[in-house]
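A.B. asks: Here is what each chain is made of, one letter per residue.
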Amino acid sequence: MELVVQSVAKHFGGVAALDDVSLRASQGAITALIGPNGAGKTTLFNAMTGFAKADKGTIHFGDVRLDRLTPWQVARHGVIRTFQTPVGFPSLTVLENMFAAGAPHAAASVASVLRFRAMRAEARTSADRAKQLLRELQLWDLRDRYVDELSTGDRKLLEFARQLMMHPRVLLLDEPAAGVAPSYVDRLAEVIRSLRTERGISCVVIDHNLAFIMQIADHIHVLDRGRLIASGTPKEIADNADVMRIYVGSSAVAS
Amino acid sequence: MTSVVFWVGVLTLVGFYGILAMILNMEGGWGGMWDLGTAGLLAVASYFFVIVTLDDAMLGTRFAPGWPLWLAWPASAVFTGIVAFLVSLPALRLRREYFLITTFAFAEIIRQLIVVQDDLTRGVIGFSGLDRPFDDVVTGRDYNYVLLGLVAIGVVVVFLITRVVARSSFGLLLRAARDNEALALSLGRKVNRMRRETFVLAGVLIGAVAPLYLWYIRAVTPQLFAPAVTFTAWSALVLGGLGSIAGPILGAFLLIVFTEAVGLVDWSPDQANLATALEPFLVGMLLIVVLRVRPQGLLGERGAFRRATRRDRSDDATEPPANDALPAPAMSTPRSG
Chain S
1 MELVVQSVAK HFGGVAALDD VSLRASQGAI TALIGPNGAG KTTLFNAMTG
51 FAKADKGTIH FGDVRLDRLT PWQVARHGVI RTFQTPVGFP SLTVLENMFA
101 AGAPHAAASV ASVLRFRAMR AEARTSADRA KQLLRELQLW DLRDRYVDEL
151 STGDRKLLEF ARQLMMHPRV LLLDEPAAGV APSYVDRLAE VIRSLRTERG
201 ISCVVIDHNL AFIMQIADHI HVLDRGRLIA SGTPKEIADN ADVMRIYVGS
251 SAVAS
Chain X
1 MTSVVFWVGV LTLVGFYGIL AMILNMEGGW GGMWDLGTAG LLAVASYFFV
51 IVTLDDAMLG TRFAPGWPLW LAWPASAVFT GIVAFLVSLP ALRLRREYFL
101 ITTFAFAEII RQLIVVQDDL TRGVIGFSGL DRPFDDVVTG RDYNYVLLGL
151 VAIGVVVVFL ITRVVARSSF GLLLRAARDN EALALSLGRK VNRMRRETFV
201 LAGVLIGAVA PLYLWYIRAV TPQLFAPAVT FTAWSALVLG GLGSIAGPIL
251 GAFLLIVFTE AVGLVDWSPD QANLATALEP FLVGMLLIVV LRVRPQGLLG
301 ERGAFRRATR RDRSDDATEP PANDALPAPA MSTPRSG
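Going down the list, the sequences are from chains S and X.
Just so you know, the first sequence maps onto residues 1 to 255 in this note's numbering.
Just so you know, the second sequence maps onto residues 1 to 337 in this note's numbering.
Treat the hints with caution; some may be incorrect.
Unchecked claim - Straight-line C-alpha distance at most 30 angstroms; calculated DSSO-like pairs for lysine-lysine:
hint	chain 1	residue 1	chain 2	residue 2
1	X	Lys190	S	Lys235
2	X	Lys190	S	Lys131
3	X	Lys190	S	Lys56
Hints are computed from structural coordinates only; laboratory data are not their basis.
In this text the structure is predicted, and so the values were computed from the model without any measurement.
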């Protein structure tokens, strides 16, 4: 299913964080969202996932209108996001983080503790899946570590593993490569590509690491000060003189 | 100087504050809801229980339905749960210190209402000489043992309830939402509903244990529900270890026994004022010393749950016991919850 953003605007006071933005992320594709700091990329993620209400415009995922839903409702439609800072659930272990994502929604009611037999069966299934995902992402040896003891790279990987427990249909990844050691970036790129090829999950990726984006994206949208200034394949964007001047120019200053 | 009966009374108080601390631990330790309204809900439960069990023999109120114990006790739990639900409607729109202030204000409002509504509550006079179960069978000092037994049962029941909650998937989600609410929401969790249910469950439990407190004190007056009740329970919890499973009981034991022991010292009458002032000072010192050495409290959340996860995996014999050989990294900053 396609994720379609239509004429979305969002103002914070007098500042237009998003100004009439329309874009799509096709099914099974890796769509990148780039732009300088303050361009509105994360605001767009927030609007897509119910964390911020758009002032106008619509956001659809297939037939579902996401911009009217709360964050937990968006998640239940299979649109799963990650956060810029991979805090995770810091005082839970890696395995507990996985269970927090894998537990059935019925467990979010205190009444569920009375149905411990059913809950235990569910927990076994989710434990198998957690084990498999942690193995795939080479996090299994860290399963009893608390998240606040992990390196940033491992936390980013855990972020993937945890969100994959939710069986996402679309993953919205907010700066997956930020703060990650260079050796991890290739591993991340590989993981993201495998999400699409092996699981058919569409991805929308925000990142400042252009080399990383060019490496993984099928399609790139460029935002600047709340406006969509360009869209195209990585090659088209790389050849777009305006984009390179605005984006690389300010990003080079920032870093 | 001290009698067995005195220490039986102290243990009863330990049990009672242990129960309150366990309830607060579920809300505050695992749920991240810093609730300062405990005394308020306790007052609601106590007055409800006393008023519905009044018979006409009691003076000065217009409402004396004279419910029997078997009806009044569960009704008090249900009623307090309903009040907790109503309090949660505004309070759970807020987080952290804002939630704390709101629940604290609620407790104070309740206390003022009790003073003002004197045709129902007898105002500042309150009720005294309350009837207690088995009062005619066991008399005098021996009744203290009955009370201790009842409170001990209460401790065990509340301990088991909170432990089951803690080890369930619900408890895990509750702790997850406390750690990172946005992330829990993005995993499709109804965080508000989980917190509301926990808050209401706390209310029900407070309603269920309130009669024990009444039979211990044998009176109900507004001063009994001063913020000191809430603060004592919180101190016990912080001392024993916020988020741990057995910490609240341990904390209540140390705190109450320490406080009562300070009170046992024989002071000359002219030093009585000093002695009264010294007690909170020494309790404060105890808290500072313990938290200086162990910021997470005597028992921590990590120890309590690490054991639980290990045991659940013990059937997984093909796996080597991972990371046991690794030294745990020292915590660089104290985690205060």
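A.B. asks: Between X:Lys190 and S:Lys56, is the straight-line Cα distance small enough, at 30 angstroms or below?
C.D. replies: At roughly 26 angstroms apart (the allowed maximum being 30 angstroms), S:Lys56 and X:Lys190 satisfy the hint.
A.B. asks: For the pair supplied as a hint, X:Lys190 and S:Lys131, is the alpha-carbon distance within the 30 angstroms limit?
C.D. replies: Roughly 25 angstroms between the alpha carbons, so the hint for X:Lys190 and S:Lys131 holds.
A.B. asks: So if I understand the rule, the pair passes when the alpha-carbon distance is 30 angstroms or less; does X:Lys190 with S:Lys235 pass?
C.D. replies: The given pair, whose Cα atoms are some 43 angstroms apart, is violated under the 30 angstroms limit.
Figure legend: structure checked against the earlier numbered hints; the only hint not met is number 1.
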